[in-house]
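Trainee: Start from chain A and add chain B according to the hints.
So you can see what is in the structure, the chains are spelled out below.
Protein chains: 2
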Amino acid sequence: MGQDVSLWTTPAPDALRVTPETTVAALDTRSTPGFTGDKKAGELLLVERGAVLSALQEKLYANGRSGDTRSVLLVLQGMDTSGKGGIVRHVIGQVDPQGVDHASFGVPTAEEKAHHYLWRIKNALPKGGQMGVFDRSHYEEVLVVRVHNLVPAEVWSTRYDEINAFEKELADSGTTIVKCAMFVSLDEQKARLTERLERPDKYWKFNPNDIDERLLWPAYQEAYQAVLDKTSTEHAPWHVIPADRKWFSRLAITELLIDALERLQLDWPPPDFDIEHEKQRLARA
Amino acid sequence: MGQDVSLWTTPAPDALRVTPETTVAALDTRSTPGFTGDKKAGELLLVERGAVLSALQEKLYANGRSGDTRSVLLVLQGMDTSGKGGIVRHVIGQVDPQGVDHASFGVPTAEEKAHHYLWRIKNALPKGGQMGVFDRSHYEEVLVVRVHNLVPAEVWSTRYDEINAFEKELADSGTTIVKCAMFVSLDEQKARLTERLERPDKYWKFNPNDIDERLLWPAYQEAYQAVLDKTSTEHAPWHVIPADRKWFSRLAITELLIDALERLQLDWPPPDFDIEHEKQRLARA
Chain A
0 MGQDVSLWTT PAPDALRVTP ETTVAALDTR STPGFTGDKK AGELLLVERG AVLSALQEKL
60 YANGRSGDTR SVLLVLQGMD TSGKGGIVRH VIGQVDPQGV DHASFGVPTA EEKAHHYLWR
120 IKNALPKGGQ MGVFDRSHYE EVLVVRVHNL VPAEVWSTRY DEINAFEKEL ADSGTTIVKC
180 AMFVSLDEQK ARLTERLERP DKYWKFNPND IDERLLWPAY QEAYQAVLDK TSTEHAPWHV
240 IPADRKWFSR LAITELLIDA LERLQLDWPP PDFDIEHEKQ RLARA
Chain B
0 MGQDVSLWTT PAPDALRVTP ETTVAALDTR STPGFTGDKK AGELLLVERG AVLSALQEKL
60 YANGRSGDTR SVLLVLQGMD TSGKGGIVRH VIGQVDPQGV DHASFGVPTA EEKAHHYLWR
120 IKNALPKGGQ MGVFDRSHYE EVLVVRVHNL VPAEVWSTRY DEINAFEKEL ADSGTTIVKC
180 AMFVSLDEQK ARLTERLERP DKYWKFNPND IDERLLWPAY QEAYQAVLDK TSTEHAPWHV
240 IPADRKWFSR LAITELLIDA LERLQLDWPP PDFDIEHEKQ RLARA
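Just so you know, the protein sequences line up as chains A and B, in that order. With the first letter of the first sequence counted as 1, position 188 gets the number 187 in numbering that gives the first Met the number 0; the numbers rise by one all the way through. With the first letter of the second sequence counted as 1, position 85 gets the number 84 in numbering that gives the first Met the number 0; the numbers rise by one all the way through.
Bound conformation, chain A alone:
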């Protein structure tokens, strides 16, 4: 027991938070910012920190059950194969499913298209006490939509401010937003797509469209850069997650969630009943 948390020379939130200097095209996707341990050390530490995350999440859930309206929302963005699904399985999978609100956002349905683009997002927000997870999100509206010109530039270009305002409102109403942009290299993506084409147990994860999107890599890098430049705010900062090493991205996001929960300074909710009276009733029951 007692894996070395001090392998983090800089706390994950500080090491990973976007700065004005963050440059998507120059990112080392194999790096492990702030963390000096290797894969083995990272995997061992994940088990231990997963238990910490789980304990904190139980407190969040307990408070939610007692009327606390605060929640945590993890927003995952990244190109295909960047490991968003793995984060859900291996990071969110560490906590009680009762307290998890998971939503993934694909191509909008006809009904969704008939509404404002934030409609389906607002419908999927976590309730008080819940840990929400968005696998893709409203940011698709300034990523895939921008890259493919699905709406005119005059339209998508207004969305950055709109998203900032939406997230401000959300943060003000008690949701701690943890935004993670996961980045793999072109080479690593090719290796992961190749695996999906070679293993029958992975075919289902492959979509020919993934290759079409891959061909638009520079346009996506530009779109991600704009997202980081325009929507990393004090109330909802972006974190850049180098994702070539899966063990690192999982450990890093676990740390970001622990940090978010710790900042809520949760305690066990006080009883809303008279303990002694209930003990007496129970003794007789």
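Please note: incorrect hints may appear among the correct ones.
Because identical chains cannot be distinguished in the list, a pair is counted as satisfied if it fits within a single copy or across any two copies.
Stated by the list, open to error - Cross-link-like lysine-lysine pairs, in silico, DSS-like; alpha carbons within 27 Å at most:
| hint | residue 1 | residue 2 |
| --- | --- | --- |
| 1 | LYS167 | LYS126 |
| 2 | LYS126 | LYS112 |
| 3 | LYS38 | LYS201 |
| 4 | LYS121 | LYS189 |
| 5 | LYS58 | LYS121 |
| 6 | LYS201 | LYS189 |
| 7 | LYS201 | LYS39 |
| 8 | LYS126 | LYS58 |
| 9 | LYS167 | LYS121 |
| 10 | LYS121 | LYS201 |
| 11 | LYS58 | LYS201 |
| 12 | LYS278 | LYS189 |
| 13 | LYS204 | LYS245 |
| 14 | LYS245 | LYS278 |
| 15 | LYS204 | LYS58 |
| 16 | LYS39 | LYS167 |
| 17 | LYS58 | LYS189 |
| 18 | LYS204 | LYS278 |
Because the hints were derived from the structure by calculation, they are not lab data.
Mentor: Relative to the frame of chain A, chain B by itself:
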């Protein structure tokens, strides 16, 4: 590795399925039907079988993503403290949260009351490829509703047939329903409620109403007996889970879910694209 599955002398589905002789009032809630191992053996086996469950669930999810509309629905019923929440955490917590649709049914809201009692149930059914979990369910309509006379007997008495018909339709449309009724003894419930009144980290789980319900134990036993007698059908049989030993109820329900998934005879979905063509495209991309 290699925990002894043969500690099950009778497979869990057979050992636990309700029979015409099942008598709620005579149940030994500390028993471990079909299983000869002790707590230590059961806990070790759970880890191993949890991995089997997780692998099967991934196949269900993969097929769902490929258009398969089949799903699995775990229905949990039981008195307060019978361990329903623990099943969600420790059994469902073994699988990928992406593939879990969790719903818990408390006192109906005003909106829910304005609809047929199956409305909120139908809204929460698992989609294709998902593993649904109901923490309490439509059975509350013939349990709490019956015990408290919330509607006249002429009304609730028609619901058994209505529920059977609903579940038949659900099963015919591809949902494998796994119904588990969890039973603790009066003594065990008192011990668990006492713990909730003594530990500040457990207060949030206590509700004074739990004691009121406890005082109606015989009426609930009668109501549960009627549920088992009238709604254990070929398409959706009930399983009786003795729940004084948490390790046993968790292992037992893991086995029931494994059995349900195995009966679907899932394979990895075939590719819906031309593998060689995609490999060539990827090589050039």
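Trainee: Within, between, both or neither: how does the pair LYS39, LYS167 come out at a Cα-Cα threshold of 27 Å?
Mentor: neither (39 Å within a copy, 50 Å between copies)
Trainee: Evaluate LYS278 and LYS189 at a C-alpha cut-off of 27 Å and name the case that applies: within, between, both or neither.
Mentor: This pair counts as between: shortest inter-copy Cα distance 10 Å, intra-copy 63 Å.
Trainee: Using 27 Å as the alpha carbon limit, work out where LYS126 and LYS112 are close: within a copy, between copies, both or neither.
Mentor: both (24 Å within a copy, 21 Å between copies)
Trainee: Given identical chains, is LYS245 near LYS278, meaning Cα to Cα at most 27 Å, within a copy, between copies, both, or neither?
Mentor: Between. Shortest inter-copy distance 24 Å satisfies the 27 Å Cα cut-off; intra-copy 50 Å does not.
Trainee: Is the C-alpha distance from LYS58 to LYS201 at most 27 Å within one copy, between copies, in both cases, or in neither?
Mentor: So LYS58 and LYS201 pass the 27 Å test across copies only (10 Å; inside, 37 Å).
Trainee: Can you give me the call for LYS204 and LYS245, within, between, both or neither, at a CA distance of at most 27 Å?
Mentor: Only inside one copy: LYS204 and LYS245 sit 17 Å apart there, 36 Å across copies, limit 27 Å.
Trainee: Quick one: LYS126 to LYS58, C-alpha cut-off 27 Å, is that within a copy, between copies, both, or neither?
Mentor: within (15 Å within a copy, 30 Å between copies)
Trainee: Indicate which option fits the pair LYS204, LYS58 if close means a Cα-Cα distance not exceeding 27 Å: within, between, both or neither.
Mentor: between (35 Å within a copy, 12 Å between copies)
Trainee: Indicate which option fits the pair LYS167, LYS126 if close means a Cα-Cα distance not exceeding 27 Å: within, between, both or neither.
Mentor: Answer is within: at 17 Å inside a copy they meet the 27 Å cutoff, but 33 Å across does not.
Trainee: When no copy is named, should LYS121 and LYS201 be tagged within, between, both, or neither for a Cα gap of at most 27 Å?
Mentor: Intra 32 Å, inter 32 Å, cutoff 27 Å: neither.
Trainee: First find the shortest C-alpha distance between LYS204 and LYS278 inside one copy, then the shortest across copies, and answer within, between, both or neither for a cut-off of 27 Å.
Mentor: between (54 Å within a copy, 14 Å between copies)
Trainee: With identical chains, the pair LYS38 and LYS201 could be close in the same copy or across copies; at 27 Å between alpha carbons, which is it: within, between, both, or neither?
Mentor: Result: close within a single copy only, 24 Å intra versus 37 Å inter.
When each numbered hint is compared with the structure, violations occur for hints 4, 10, 16.
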